[in-house]
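Enquirer: Here is what each chain is made of, one letter per residue.
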Amino acid sequence: MSRFTKEMVDDYANKLLFDLTPAENKMVLDEFEIIDRNCDAVNTIPGIADVPPMTHCLDDFVVELREDEAEPSVDIELLLRNSDETSGREVELPKVVD
Amino acid sequence: MKYKAVIGLEMHCELKSNSKVFSPSRNSYSELANSNVNAIDLAFPGTMPSANKKCVKDSIKMAMVLNCRIPEYMLFDRKNYFYPDLPKGYQLTQFTMPVGVHGHVDVPFEGGILPVDIHDIHLEEDAASMDHLENSSVIDYNRGGVPLLELVTEPCLHSAKEAVAFLEFMRSAYQYCDASEADTKKGQIRCDVNVSIMDEDATELGTRVEIKNVNSFGNVHDAIVYEIKRQSDLKDAGRYDEVVQETRRFDEESGRTIHMRSKEDAVDYKYFVEPNIPRYRITPEWKESIRREIPRLSHERRREYLETYGFSETDATVLTRDKGISDYFEKCVDLGMEPKEACNWVTGSIVAWLNKNEAEIKDFYLTPEMLKFIYDNVKKGTISGKQAKEVFTKVLDEKKEPSAFISKENAQISDAGELEKIIDEIIARSPKEVEGYRNGRDRLFDYFVGQVMKATRGKANPIMTKDILHSKLDV
Amino acid sequence: MKYTEKSIVELHGLLKSGELTPADLLAESLEKIHVLQDKCNAFVTIIDDAEPEAVTDSLLSGIPYGVKDLYSTKDILTTGSSNTLRDYVPFFSATAVENLDKAGAVKAAKTVTDEFGMGGTGTTGHTGIVHNPWDLDRMCAGSSAGSACAVSAGVVPFALGTDTGDSIRKPAAYCGIVGFKPTYGMISRYGVFPFASSIDHCGAFARSVADVAIVIDAMKGKDDKDMTTWDSSHIHLYDDLKPQLAGMKLCYVKELCDISHYPNPHRELREHLANFMEKMELLRANGAIVEEVSVDQALLNAQPSVYVILSCAEATSNLANLTGLIFGPRGDGETYIDVMKDHRTHGFSSLIKRRLVIGSYVLQKENQERYFKNAQRVRRLLVDRWKELYQTYDAVILPVGTGPAKHLDGSLDILDEGTSPLEEHMQIGNFGGFPSITIPDGFIDGLPVGMNITGNNYEDQKVLNIAAAIEGLMDYKDQIAREVKR
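Residue numbers (my numbering), protein chains in the order written: chain A, 43 to 140; chain B, 100 to 574; chain C, 1051 to 1536.
Hints in this document: simulated from the structure, not taken from any laboratory. No experiment lies behind these values; they were computed from the predicted model shown. Heads up, some of the hints might be wrong.
Straight-line alpha carbon distances no greater than 30 Å define the calculated DSSO-like cross-link-like pairs of lysine-lysine that follow [unchecked claim]:
no.	chain 1	residue 1	chain 2	residue 2
1	A	Lys48	C	Lys1272
2	B	Lys362	B	Lys152
3	C	Lys1423	A	Lys57
4	B	Lys362	C	Lys1423
5	A	Lys57	B	Lys485
6	B	Lys156	A	Lys57
7	B	Lys285	B	Lys334
8	C	Lys1152	B	Lys156
Per label pair, the in silico range of CB-to-CB distance [said to hold, decoys possible]:
no.	chain 1	residue 1	chain 2	residue 2	range
9	B	Gly286	C	Gly1383	29 to 35 Å
10	C	Asp1151	B	Trp385	21 to 27 Å
11	B	Asp367	C	Val1059	51 to 57 Å
12	C	His1457	A	Lys68	23 to 29 Å
Computed footprint of chain A on chain C, listed as stretches where at least three residues anywhere in the stretch have a Cβ under 8 Å from a Cβ of chain A [as the list claims (entries may be wrong)]:
no.	stretch
13	1253–1266
14	1379–1385
15	1419–1425
Even glycine gets a Cβ: it sits at the ideal position worked out from N, Cα and C.
Whenever a hint applies, use it, and build me the whole structure from the sequences.
Expert: Quick look at the structure:
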């Protein structure tokens, strides 16, 4: 019994702010099934729950934190030149009402 | 009040620093939109975070102030959601391993102690700000990336007063630690308040309502009072089921809380550890050096001033409201000034001058050393108390050392011999007044004092003058 | 003129002596780039107004190269091969590109990538499919398809790539050239469009190990803007390149290389593995110790899913800044949600959308433990197993994929059960941040195949030394694509 449904996939896409075609929706469903089967296999690896999840690529980064020095602001023309709709010094969009 | 109110607070405080927490652009208020920004703040493709050492340090410092458990590593998470004021599509925050967990503070409250448990405190970045025009919105990214410390209390507060007391306590702590200006008027503090009610003897908590983005302590107070009443009224009317888990906002004008969104609309933020910021080890050495930087906080100093010096509550409050003032006062005492006099100077002339000139103690020209100099001269009798105040003003007006204004010519006459001679002369030429005074007209004493002052052009040491006059006139 | 087919070292000599001018070299390169574009569609932007650079002591000075269109290039269109950025012109360059600018190299073209680096076929870029110069009906693999194509066809001596799940190292094999991804953090990722930040690597293609060493030397360096970079100033990959095989201990994985593991092997696979084993013999004959090791099959079987889960999850987050508000074509709509949605619906390809949905799913609170966190755990197990191998061996050596370049009309980037560990094993090099290089090691049906050598973190020099030695035993160094006649 599949835990994945067409509605669920559409909901995910919607929350990611795009629409899927029916064909794309079907492909995702098929891919979910495969991943799910493989995850069942993963859960059978002995002791898996006790393994610490690997969150970064290396274990031994030499990290330095940035000194608190401010840099000058970037030229407004450079910042806005790729935006299709601006107003004065700002990016403009349809009125946001909550 | 029929029911027990249960309140939890989330306090967001903007940190003080030269640059933002994950980007080197300036952390400073600006009227001009998009004038403190760079590619990282606007999330241009390929940009990456770089963590600010001062912000990390301040977050550890505040976690210590809250007596939290501090982890071995700094670790950040992404909180993912879409909104125009969040250009990356996620906020960098701490979820997996906050910089402080399981803390506790004892807040002085109404003569006793209000114990407050802290769930966690964590470092994160602020979102940009939007302006809503008539037909559109515009985005100013200046605020985007500004460092924030968010602290979350356990639901352990039970009244609006307690909530505000805690918030005031924290505001002062932030200022004392120089981690934040913590000025609500500048929008540097924002609170989310969680309120629920329950029967006095109940064991289960009631339905929790969240009031978001309350921007002043006064509003926090009012929002809590309103919400408790709203929920209580519904419960009284048998309509408690209408109290639902939801997010509301506080409307300052009407003094009411208003529905924003319900729990069903709750977003899953899909938190995961930020891979571009490696774990940063918080060494024991660094922790120790940060701990040593934590000053005695205002409530500790206030208690000291009340108990050790016996100052009034008002004076203690004025002295500890601002760490700079308190440090100034303490330096004066360290230099040898009598505490009460130092207190009088600080809470009197100095605070008045600062208020009048809209200045801050850190820019105050007249140092404790200079004040001590003036104080010493009064003690020696070189100048009178009145003259001291004049010197004080002149030092500030002309920005010169006090010694420039205390000289032989200006010096007070405190030589008893000299004063006696002058007084003898006056007594000799005022027989009528002498007789009048000795016959009970006490007010004539002022005539003699006046005459001495006239003769010395105001420089006679007034206390000495009075003593000598009394010794000669009172028979 | 065939100067663009020469090695970097040779070109540098010619430029220094004056026999060749930077302008002529650049002109030749651009001309050939245009021809290749018609044939193979490897480029998004051809920088016709590129200025030649003066020759200096820097080996790369005056040398034209291809830049994968995931690297920001200041004032030059950078699209990520995506319609969401089809008109985006950055105002800054990626640090790695700035470093190459300092070395005097000349950007000649932006090369096609699978959209945002999220593919392995070279077929999902917004300007269309990239064809393999050895056989136009076949793929270059991906995502660095355009860069591999350009170097293989000899139009530039080197090109940049990124590698998240073998995106340099497989195209290198399919195109018969060298592709190297050094240790994570050696080259800054600042300014490179991210796919999966904990697995993304920067690297390059060239036609010899020596050339790729020169390029990586110029690209690398600690960068304050990328907190994951480390100081590699003590490493001089080209200067210290010393081919070394004698005394090196190498291993390959039985479960991947033993033909008896495959129930119905294709002829190509059989030849591929047989060729690999032959080459292992060659290495032994030249002083290397080459041993077979065993890795838990369950772990190997889980590996491709781990990659899909981790990479899709991080990608979901990394691509959330693509809303069309500040950059990219503005979407239509009445509300801000409609505007953002329109941009993303029309801007992302089908593959991206599917990957992002999967990524979102595995990160949901109720699913994270089972999918995302478990994938991170298996990653740990795989990396630990490889680190265990490195306690005994200098490198792990394996065949790349299951044979030569696949046909373009085969299945394209759809997850299917047939995805085998042999196709995907190089992703372990990404999981652990290990330095990993592909070099050509033979031909099947006239099409190149390759082998992969992966070493322990920070042992980039050793990996290159081994690769150079192996390269020296074969005849594929500096080879240029020769179209297979059918």
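Enquirer: Evaluate each hint against the coordinates.
Expert: Against the structure, the hints come out as follows:
1. Lys48/A to Lys1272/C: Answer violated: Lys48/A to Lys1272/C is near 47 Å, above 30 Å.
2. Lys362/B to Lys152/B: Violated. Lys362/B to Lys152/B sits at ~37 Å, over the 30 Å cutoff.
3. Lys1423/C to Lys57/A: This hinted pair holds, its Cα atoms lying about 22 Å apart.
4. Lys362/B to Lys1423/C: holds (26 Å)
5. Lys57/A to Lys485/B: Cα-Cα ~74 Å, so violated.
6. Lys156/B to Lys57/A: violated (36 Å)
7. Lys285/B to Lys334/B: Outside the cut-off at roughly 38 Å; violated.
8. Lys1152/C to Lys156/B: violated (36 Å)
9. Gly286/B to Gly1383/C: 29 to 35 Å: holds (31 Å)
10. Asp1151/C to Trp385/B: 21 to 27 Å: Roughly 38 Å apart at Cβ, these two residues miss the hinted range, so it is violated.
11. Asp367/B to Val1059/C: 51 to 57 Å: Since the Cβ atoms of Asp367/B and Val1059/C sit about 55 Å apart, the hinted range of 51 to 57 Å holds.
12. His1457/C to Lys68/A: 23 to 29 Å: holds (24 Å)
13. 1253–1266: violated (count 0)
14. 1379–1385: holds (count 5)
15. 1419–1425: holds (count 5)
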